[in-house]
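Visitor: These are the residues of each chain, in order.
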Amino acid sequence: MSLVTAVILLCLLGLIFGAVLGFAAIRFKVEGDPIVDQIDALLPQTQCGQCGYPGCRPYAEAIANGDMINKCPPGGESTVAELAQLMGVEAIPLDDAHQEKDKQKKVAYIREDECIGCTKCIQACPVDAILGASKLMHTVIASECTGCDLCVEPCPVDCIDMIPVATTTKNWQWDLKQIPVKQIQ
Amino acid sequence: MESLFEQVAQGRIWPLQGGVHPPACKENTSGLPIIPMPLPEVLVLPLKQHIGEGGKLLVSAGDKVLKGQPLTEPVKGLSLPIHAPTSGTVIKIEAHPVAHPSALSEPCLFLAPDGQEQWVERKPMAHFCAETPEYLVSKIKQAGISGLGGAGFPAYIKSSSLRNINYLIVNATECESYITADESLIRRSAENIIQGIDVIANIVNPNMILIGIEDDKPEAIKALEQALEHRHDIHLRVFPAKYPSGGEKQLIKILTGEEVPSGGYPVDVGILVHNVGTLYAVYKAVVEDEPLISRIVTVTGEAIEHPQNLEVLLGTPVEAILSHCGFNPGKEQRVIMGGPMMGFTLPHTQIPVVKITNCVLAPAKGELPEPQDEMDCIRCGACADACPVSLLPQQMLWYAKAKDLAKTQEYNIKDCIECGACAYVCPSEIPLVQYYRVAKAEIRTQEQEKRQAEHAKQRFEARQARLAREAEQRAEKQRIAAEKRKKAMASSGASNAVADALARVKAKKAQQAAEQANTAMEPSAQATKEEAKPLTGAAAAVAKAKARKAAQAAQQTTDQVTEQTTSDEVTGKEPSKAPQEAPADDKKAAIAAAVAKAKARKAAQGAEQTHKPTAQTDEAKGPEIQSDKKAAIAAAVAKAKARKAAQQTEQTAVSDSQVLSDEDPSQQRDLSDTHKTQGALTSSTDKKAAIAKAVAKAKARKAAQEQTATFASSISDTQELTDEDKPQRSELSDTHNIEADAPEIEEQSPLSAADAKKAAIAAAVAKAKARKLAKAAEQANDEPDNQD
Chain A
1 MSLVTAVILL
11 CLLGLIFGAV
21 LGFAAIRFKV
31 EGDPIVDQID
41 ALLPQTQCGQ
51 CGYPGCRPYA
61 EAIANGDMIN
71 KCPPGGESTV
81 AELAQLMGVE
91 AIPLDDAHQE
101 KDKQKKVAYI
111 REDECIGCTK
121 CIQACPVDAI
131 LGASKLMHTV
141 IASECTGCDL
151 CVEPCPVDCI
161 DMIPVATTTK
171 NWQWDLKQIP
181 VKQIQ
Chain B
1 MESLFEQVAQ
11 GRIWPLQGGV
21 HPPACKENTS
31 GLPIIPMPLP
41 EVLVLPLKQH
51 IGEGGKLLVS
61 AGDKVLKGQP
71 LTEPVKGLSL
81 PIHAPTSGTV
91 IKIEAHPVAH
101 PSALSEPCLF
111 LAPDGQEQWV
121 ERKPMAHFCA
131 ETPEYLVSKI
141 KQAGISGLGG
151 AGFPAYIKSS
161 SLRNINYLIV
171 NATECESYIT
181 ADESLIRRSA
191 ENIIQGIDVI
201 ANIVNPNMIL
211 IGIEDDKPEA
221 IKALEQALEH
231 RHDIHLRVFP
241 AKYPSGGEKQ
251 LIKILTGEEV
261 PSGGYPVDVG
271 ILVHNVGTLY
281 AVYKAVVEDE
291 PLISRIVTVT
301 GEAIEHPQNL
311 EVLLGTPVEA
321 ILSHCGFNPG
331 KEQRVIMGGP
341 MMGFTLPHTQ
351 IPVVKITNCV
361 LAPAKGELPE
371 PQDEMDCIRC
381 GACADACPVS
391 LLPQQMLWYA
401 KAKDLAKTQE
411 YNIKDCIECG
421 ACAYVCPSEI
431 PLVQYYRVAK
441 AEIRTQEQEK
451 RQAEHAKQRF
461 EARQARLARE
471 AEQRAEKQRI
481 AAEKRKKAMA
491 SSGASNAVAD
501 ALARVKAKKA
511 QQAAEQANTA
521 MEPSAQATKE
531 EAKPLTGAAA
541 AVAKAKARKA
551 AQAAQQTTDQ
561 VTEQTTSDEV
571 TGKEPSKAPQ
581 EAPADDKKAA
591 IAAAVAKAKA
601 RKAAQGAEQT
611 HKPTAQTDEA
621 KGPEIQSDKK
631 AAIAAAVAKA
641 KARKAAQQTE
651 QTAVSDSQVL
661 SDEDPSQQRD
671 LSDTHKTQGA
681 LTSSTDKKAA
691 IAKAVAKAKA
701 RKAAQEQTAT
711 FASSISDTQE
721 LTDEDKPQRS
731 ELSDTHNIEA
741 DAPEIEEQSP
751 LSAADAKKAA
761 IAAAVAKAKA
771 RKLAKAAEQA
781 NDEPDNQD
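Chains as they are written, first to last, in the numbering used here: chain A, 1 to 185; chain B, 1 to 788.
Where hints are given, some of them may not hold.
[Unchecked claim] In silico BS3-like pairs for lysine-lysine, Cα to Cα no more than 30 Å straight-line:
#1 Lys105/A / Lys486/B
#2 Lys105/A / Lys76/B
#3 Lys450/B / Lys401/B
#4 Lys76/B / Lys120/A
[Claimed, not checked] One side only, chain A facing chain B, incomplete, derived with CB under 7 Å:
#5 Pro44
#6 Cys48
#7 Glu61
#8 Leu131
To be clear, the hints were calculated from the coordinates, so they are not data collected in a lab. Quick reminder that beta carbons are idealized off the backbone N, C-alpha and C, glycines included.
The following block holds chain B by itself, in its conformation from the complex (with noise of 0.2 Å):
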């Protein structure tokens, strides 16, 4: 038994499984000699014309380039530069539709020819021999290079691997109907491409070099022969025409008998097959150093008048070839690209040529077969017969009309090399190749959606880790922090005994003030219970009586209190903003001033509850008049405080209504920018405005009232607040039922108790969360809507 490389050397020719015999009609043109096309008005030249990425730009718009000057240099990965087809102008560059079946538009690059073909300066190289491959390869990929055979996989990536190859196969074979370029190539330069043939041998250097054609093209064939007189290193192989023969796989399994496995390449098996006409490339760029900038195009159909084989500039538009030809479009004219089995039809005539166009195919009506109505699949298996790849194409069409992708995937749905020779034999004339196709890119977003969310997954879990990460730094850092400062504690003992003295100092006060409370005037008693009471309502029953009696005493202080109030406390504390405020509107500082009594009760009150507990542990005394005063005090800021954000307020509601003129511009500033967005935006729908300026009302009175409660707290220097004290404060929350924006403002509060500024931010956030309110509000409104 003989090895398979020794049978491949005999010449043994492995007939190709499948396959359709349709009309060749190559006759049009396959005679003709190669014509050069003039050159067009204008060259539409797609900086992406292969499979993968386009280069970056090097020229820009009103650029003189020179015939073979590059335009782009290719980037990482699959990338290729193209270059100046001729000399001239760079016009613009901008998107137009580009050879693809979607017709979509990618970038192009405009250029108006000058008629000069003014060159580059080139190196021809004779005797390419002496270089290295490295040389060689770089050559092939700066001269932009792809297959131009059909799929256009950059030529420099094949040729480069480091793999071991055992043959190297020259794709003359051609298969499609009416295509005739490469063979025109072939009886033209013969020579040439024999050539490149040994540049890329020179690189890979292949045990065997084999060219396989088609035993129907008797003058391409007489060509070779010719030219491969004297060698006696390349090997011919003519088998019988057979679609798609042409295919590389196809080619290799013919030729050689080997099978390249599913999902590789042919590297993978040591097997390079480059086409013809990317060999005459090859030389062109190696040998003459001519880059890639034009190609061969067989023009034909019966709506053209003379079919011919065009070398024509790449970018030039379908229209100037098929004008050049004499086109006389019939009704419903269809202009194909690419050969009637793998072309796709073109949206119009303004698409250019590109490095993978092999062929434009003008039919007449009737000549090509009309797509047919579909009909169901009849199961007779012809389509499996027809097979090349030996796929089941009649299941992968039922799970692909099904939409059940994993079953085509194991129907090796990936393996078919979209030939169309199951449509062509399917006698329901059912568009098999376009349900693959579909079936393919569905199965191809999934992969890409997985890969996807599997990055989605990875970046979520690092940002968890991060911030899991962040939160555990600032733990340990106010761990660290408490620790110093309980250190600085211990170490001055003598702080210790001024803060205890301070603690007995407050405890003698809290008792004089309950004391008080306990002695005033009963009737007020019974009002104040009865205001107290909706703050205090759910507390539990001690509470309550605590309350009582310190709502008491608050009222007694706050009563004497707001009397003395002026506006000159207020001034004295915010000078630059009060004053301003102030006259500004009567009828307004009346409410403030309500809601500020209010509020500095509540304040007062949450103060006196503080109180209370040191007073009964306590029993010192101390001087009356000095807590009368410190309580007034305490009233008056919580009163000007609560003013300020009533203001604050009123003030965004005002601008919102975009009366802006009288508003201090100091305050103006204070309010973020977020806030005034936000304002013009509430502006837009009075209602909104509306809602949102009593929820933003309510917000503010809330943070108001926190604030004035801590500052309460912190003037009677208490560390913490009491049990007590907190079950009320969640209680305020409740009756205000903003129970989710309770303890954002909390934290805010103990912040901004000395700050205006800080203040104005609260209200501001206030302002916000109620617009949100009001938003979701509307939603709520506008879906019942909707569902109408």
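The shape of chain A in the complex, shown without the other chains (with noise of 0.2 Å):
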């Protein structure tokens, strides 16, 4: 008698838990994937393509199903540090085929009097940083250029040019050597 009680209850204590894990699986579901959005948010969404996906947010996606955190040459060695640090792996030095070749940042910059007006790098640009309407110049908006350089492949007249932004006293850095004393005259 006393085994089928304690059969019974179990089933029912097995009912009643199953019942509370479903309504919570319902109630308490996440959307999307919170590790996703953490690594979208170290990424630094120059939305260059550069990785080998379709943007910033495919790439952490990617990194989120276990692809490698080394793609990203935008980001340097700084973002893959902190990727590491977020994904809990070994930081590993920029992949070869994602090593940067030098590492000024650069805007677009169209040589307005050969643009055709193609319109052909606005629909490249990710950001929406190009200016222009078919058969009329085309001009870049440098504060929203993010550098991606995506735009120079689809010029058909190769009027676009990737310039390094010039030194300001406002984004000027502080170098540990110092300027030169030099002889005054």
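From the two separate chains plus the hints, produce the assembled complex.
Guide: Structure, rendered in structure tokens:
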């Protein structure tokens, strides 16, 4: 008798817990993957696609699914370090294929008299930083440009240059090597 | 226990924690009167002389300006105007190195004085007490007054705060060595400074006014006491000299015991601090209606013959000041702008004096401690004792060296005032402040990058949303249009009947053709099969069999047609271009014809295939001749298309090699600008051009094929491509190995079916693709070279 009671009791308990868990699974369902958001927040959001994914978020998803963390040249070593910390893996140097050639920040510049107004660069720009209309000259809004390079390739007349951002007193960085002392006449 | 306010009122002083006692070295200039500096030959006025934004230019080169005339007007944000320090002519406006540690160039206005010192119209106002605070603030703003103590924060912003101000503190501390500019100003114009204090007090209405001064300036203290003899609302506080008690937050702590929260401003605790120089400028602006056009500069150092305090017009080059005071440069002579602790070495002496320049120091060799070789930190903790902000400099150094910016922020590196006390006491000669400056700049950059990243992300997401919305709208439009079409079809049953009848006729024709094909001569069948093979290679067995039959039929019809087809037919269709093209190159034409033949055959094949299934379902019969004729026309037009396309390719190839003279101008115009430029680019390397030509030809051929196929099917009036046709088409693209490009050409071909111009564009696009491929190929070739 006691055996039957125990079995029934256990079954009952099982049912109750099952119902509670089932309810919780629906009621407290987490939309999306929070880790993807966290990774996405660390990426530089240039949307340059140099990682091989069409934008920063797809790469964040790929990392969450186990891709390597060293494929982001605009982020550089610091981003890799942050990602490593977040993902609990060892920081590795940037992938050879994704090694950045020069670190200087650049913005796109359209040589406006050569632009034929094909709108190809406008379609390529991931952040809508290029202004223009069909058969009319285009120009880059420098403050919005992330320097991702994506507009250079589609240009049929090669009129887009990536020019380094000029150093001004505002973005100038202190250098440990002080201004060299020189003879003043 | 008394309240803090009562303690302050009773004159309690809270001694500065930390701090250092560097040699004052003020005796050279402290007793001397202020001498106005004679006009220099040229004044160089940076458009931005303070923290924030520069103003908008109001004058241009060649303009005559009067003394005190505004040269820029403030724009939005922390912006201040600058004024002409004397009357004269604007020579030019161009970039010139400015007073900044980086020695970078910024836009400057060059003014040649005329020596007449002709003022603009002024309205002196002795009784400012009646004016509203808003008017006084705008007056201070229009006079271009920024903090003259060193930081250069616009004075009107500080003063226009709507918060309740408890203490107004006047900073007369001047704690840095060598500098006596404020001291000499107090000795000369204590009364005027008090008036400046009254102006500010009128605006902010503080509960208490305090003047803080160090005890090493007895004459200045005496002057202030005299000026304050009958004033009991202003309290003078004298405290022992110590560096850096002149820092804003340090002075607040010394005089009131209050601490400004980390990352906050004095206003947050109800305190406003102004330098005596600033208050004198406020007096000048409000009472005498003189904008800020000059300031007191201490010129000192052992390399100067006559150290003194000069009243210098803003924009005066340092060189003019030095030569006026007698400058004996030694070996490796340095000229420092600002004091020895917080100033910076000038790259050259053409740098102009700006609103924040309080001292020009030319030390002789050995006068100031030379920067020594940096040694390792011995963790003695002297820096922590010296730090006036109670930070842990050695820890910050540790993490700043390791580039661990997060950790430096944990140690509140942002609260570092860069006073240099830590570096001054460091026995290992470590330039600690330099490390902090680098780390702070990096933190700033990182924060900015983060902001930019966030901004870019928002824009990216907005764009994605827009694209999705547009796609949805397009789909919706298409759906509505399709529904409309369906409705129209349903409403007009007659047209349906016609369509049915047409379909029946088509089917009949197809049946006829198939039958004809079956009875066609046997030997040619073998050859045709082999020709058709690469095209239908991997198709299913059934499709193959059908294709074979179709090919036979096509062979027959095209053979007939090609014999008949002359250029007349082509000219009939494209009278403007073809005839001029045709004689241009016989050989070319021959090749084109051959290619076209193949095209036509394939096209006919496609047509036949679409005929077949309908033929199987419909048994009706039709006139044989009609079918033949139609097929012939189809083949002919297809041929013309193919030839045109081939010509296009040839033509562009020719234009690549720069032989444009023979070409038909209208034809050239058909080519897009894009294409031309590309042509020019491709011609740069012969090899590239050759590859491009070859690939382009292949592309053009493909495009032509697609065209003919669709054209043939449109002739046959079959509404949709049959299932059999599709695999064959993809097969075609496979054989050409340009899968990536196929969809685009396929998209274009239905449109271009009837239009030769479009065919030209197709060819051009094909060429562009080819160019890209060639480029990629070359890059691929280059890369291994680079690695070598």
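Visitor: All the hints need checking, so say for each whether the structure fits it.
Guide: Here is how each hint holds up against the structure:
1. Lys105/A / Lys486/B: This hinted pair is violated, its Cα atoms lying about 56 Å apart.
2. Lys105/A / Lys76/B: 27 Å, holds
3. Lys450/B / Lys401/B: 22 Å, holds
4. Lys76/B / Lys120/A: Violated: Lys76/B and Lys120/A sit about 36 Å apart, past 30 Å.
5. Pro44: It holds, given that the least Cβ distance between Pro44/A and chain B is near 5 Å, below 7 Å.
6. Cys48: 10 Å, violated
7. Glu61: 14 Å, violated
8. Leu131: 13 Å, violated
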